[in-house]
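> The opening position of the sequence shown corresponds to residue 276 in the numbering used here, with each subsequent residue numbered one higher.
In case anyone wonders, no lab produced these hints; they're calculated from the structure.
Any given hint could turn out to be false.
Simulated DEER-style distance windows between Cβ atoms [stated by the list, open to error]: (1) 312 - 347: 14 to 24 angstroms; (2) 277 - 327: 13 to 23 angstroms; (3) 389 - 339: 10 to 20 angstroms; (4) 387 - 344: 16 to 26 angstroms.
Positions of the beta carbon are idealized from the N, C-alpha and C atoms, including for glycine.
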Amino acid sequence: MFEGFKNLKSLDLQHITITQDVFEKLISSCPSLERLTLMNFTGVTHLIIDAPNLQFFDIGGIFEDVSFLNTVHLSLVSIGLYVKIDNEENGAQDNSSKLLRFFVNLPHIRRLEIQSYFLKVMA
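Let's have the full structure, built from the sequences with the hints guiding it.
The structure is reproduced here in structure tokens:
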């Protein structure tokens, strides 16, 4: 039976398809994970990052929501997100709420890099 990657320090997932359940199990099975890069993959719309040793997080692509749990060591975040909007009327308010939740869970970051369309969503 797969018991995870107990010593894995860096994980880079780009241009893949993965289910929500498999993604969450993968991240939770890497307790030593310090660096996580997620770029342009499908199958996951709501990212839940639960990684107690995570220090660096780089994300790019289209996601409905991103949540952080137990990431007190996270100090560098790089964001290149395209936020998925369901409808125009509720889209702006919903996106503002998602952005607030995104940043509320990042109180310890020392460096923040924001790229591409993400700035338009914040405006």
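> Run every hint past the structure and note whether it holds.
Right, here's what the structure says about each hint:
Roughly 20 angstroms separates the CB atoms of residue 312 and residue 347, a value that falls within the hinted 14 to 24 angstroms. Between residue 277 and residue 327 the CB atoms are about 20 angstroms apart, so this pair conforms to the stated range of 13 to 23 angstroms. Judged by the Cβ atoms, the range 10 to 20 angstroms given for residue 389 and residue 339 holds: they are separated by roughly 19 angstroms. One distance hint, 16 to 26 angstroms for the beta-carbon pair residue 387 and residue 344, holds here, with the actual separation near 19 angstroms.
Checked against the numbered hints above, the structure violates none of them.
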